[in-house]
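Number of protein chains: 2
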Amino acid sequence: MPPLRSWFSIPRGSHFSLANIPFGIVSTSSNKSQRVAVAIGDHALDLEAFAANNGFSALSTIQPHQAVFSEPSLNAFAALGRPIHSVVRKYIQSVFAENTDFPNVLKNNSALQTQALLPLKEVQCHLPFKIGDYTDFFVGMNHAYNCGVMFRGPANALNPNYKHLPVGYHGRASSVVPSGTPIRRPHGQFLPNPSSEEKAPVYAPINRLDYELELGAFVCKPNKMGEPVPIGEAEDNLFGLVMLNDWSARDVQSWEYIPLGPFNAKNFGTSISTWVVLMDALEPFKVKGIENDKEVLPYLKQKGDKTVYDIQLKVDLKTNPGNLSTVANSNGRHLLWSFPQCLAHHTSTGCNLQTGDLLGSGTISGTSPEEHGCLLERTEGGKKSIKIGNEERVFLKDGDEVTFTGVCGADEEALVGFGTVTGRIEPALNLGH
Amino acid sequence: MPPLRSWFSIPRGSHFSLANIPFGIVSTSSNKSQRVAVAIGDHALDLEAFAANNGFSALSTIQPHQAVFSEPSLNAFAALGRPIHSVVRKYIQSVFAENTDFPNVLKNNSALQTQALLPLKEVQCHLPFKIGDYTDFFVGMNHAYNCGVMFRGPANALNPNYKHLPVGYHGRASSVVPSGTPIRRPHGQFLPNPSSEEKAPVYAPINRLDYELELGAFVCKPNKMGEPVPIGEAEDNLFGLVMLNDWSARDVQSWEYIPLGPFNAKNFGTSISTWVVLMDALEPFKVKGIENDKEVLPYLKQKGDKTVYDIQLKVDLKTNPGNLSTVANSNGRHLLWSFPQCLAHHTSTGCNLQTGDLLGSGTISGTSPEEHGCLLERTEGGKKSIKIGNEERVFLKDGDEVTFTGVCGADEEALVGFGTVTGRIEPALNLGH
Ligand SMILES: [Ca+2]
Ligand SMILES: [Ca+2]
Ligand SMILES: [Mg+2]
Ligand SMILES: [Mg+2]
Ligand code: NI
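Chains as they are written, first to last, in our numbering: chain A, 5 to 437; chain B, 5 to 437.
Among these hints, one or two may not hold up.
Copies of the same chain look alike in the list, so a pair counts if it works inside one copy or between any two.
Lysine-lysine pairs mimicking DSBU-like chemistry, simulated, CA-CA at most 30 Å apart [claimed, not checked]: (1) K134 / K225; (2) K134 / K228; (3) K298 / K203; (4) K134 / K167.
I should point out that these hints are in silico values taken from the structure, not numbers from a laboratory.
Work out the full structure: start from the sequences and follow the hints.
Here is the structure:
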């Protein structure tokens, strides 16, 4: 398929080609109210302004709902359902198409262009959804295996349940923050000498601060409490995907997590990219995930085998002295379970998901060290340092900036990308001890 | 201290004496909008109507904030802070006092009495808070010990971290429901033969459905992300307490919980009592909790040793055929860590709590079988059945109704009670397999 061409200047290599049209929440210095926009090239199209100026004049289905574009979150738009997301995206693509059928809407309307097309560098992006509940899964099997080897050896690396259900745990919704939010090195309770017989924990700034390379999926369609979502319907309950950094305090995690799982090791901050890529935009990039050699129960069995996405993922680490290195390359295909399977499992006991709920994939690692999605794996539990220019790291230091980049496709004029999610480590607070 | 006497008729033995004044959210058939009320005797005082009719004429501090009483949750009232909760409660007590200084407000105002004093049996109670995040702790040490013995034997019953930090995990906020909401027996993935070498899970209606007797605490004061709450300030960040039933699917739990903790076993429903008892009302009932024989780190060390509450707790089980038995008596004192300690720990890494967040204590058991707060303990993992009239139970059957009752004090004219939290088990859905 040749790339869609636009009358509008979209830089070559942009993540936000006409094939994408991701949704987000923006504000500007001249209009501080948060509102819905789509990203296109190096601009955001302000959909509040677009709607107010008859931008949707040729799309009657959205007209009764245009108030959703003035909301400070995508929840109301998402709740309209996937068929509406589809037609709105396609309509915006058609408005920007070289030979648009609707030239008067925007192509020949320089007043509206000036008003509604905002340079991305002048736009502030906010959390795209009001998140009710956040759940983090653990379905990046290479990561689960590598961590399992460290803790239990290769024979027992994966627990017996691992290939039968998407393992997950409830995360902390309040501390999910948009890309760019600084992350303060937390204090926490941990064992300074974990191997010592005597368990003498301290409360201090943590040492083993890590990132986790993940994808996140937002729920658009709620299910009633007590009513599981059938696997065949699960994908349509999802709005779209973001990249997610599940910042992790490894020293806290290893001390606290038995028997009820990760808690304070994970709840001090989770960063997400701010432009949500719609399920429709990702559709051409569907691929097989990791093969499951166990028989999957019917409530988790998807039609077809292309259930995850070929998303090229990259982790860059930039230090305070200015050294920069790509510390991982990975791919969205390295998952044992798909997001629809995660959603079907999550609701299998009747748990009610709501519009705006966020599902994390778990850390996405390939098989080689250069594809490992967190430092715990990459440095074999802190034993092997990696080079960042003339510096070395086993875990993150203050001032380090971690940036994930994710993109689908190879045609520089038709990329479907996520942009970046970035966060810089601030020094721990002085708590006076 | 002699009980406060009222001009208003409060039945002897009422949980809602003048010493209590718990807050909740109500609606009635004639006014379906949800609004704030307090319970007094067998009535609710509708604070929206009370405020609108100059009920607060003698309390100037609340006047600029009276809109909070028209909200459909307690979040806005709670966010005003503990000093305001205190003065509002004391003022309402003074309005109802036998020799009230403000007789014209209500005592001599029969029109307002008719309008604002609603018989509880005509009132529908709703979820008291809009809950952003729900966290369940595990600080009922007898419960943790009993469960640990079952899984690991007495020598290793408690994990090494147990006495150093309040163990907890993130729960599911969306499925917290008010007392009276029916609970559907979930389907779930579990092992029908857990001891078999071959792990062959099924997806089916669960067999081992259990309750967990807990207390819940609501947060009133938020803390900023990155900023821990000092232990000395933690109690004032709490609004009040409810009873909480953490419905649990034991067959799902034992299969899913390693390594990331309970997930689907817990997220299909959590019931809470609807009248929130303020921290001030509980103050006279402070007692020592379970003694901790480990040195507690300074960030968790509370001043004084009375940090938990003498709340008499009771579990009644009523079967569909109509048999009824009290299956447990326990007490709020059986906790190793207090709610302020849980809150301080929760924020110790900088996790931001928000007004309306809910903290569960974990199952509260005494030491004898008659004091066990869940059936898993009471029946030794399903091995010893208990009698309910001429019926037997190891876990809950369809039609069973579980009711928790909680009350402080012995003076029948000055009880500070929680009322009840109840839920009845509905049969599993027919999912067509
Ligand atoms: Ca994770
Ligand atoms: Ca519990
Ligand atoms: Mg996190
Ligand atoms: Mg529960
Ligand atoms: Ni421009």
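Practice item. Any hints from earlier that this structure breaks? Give me their numbers in increasing order, please. Key: 4
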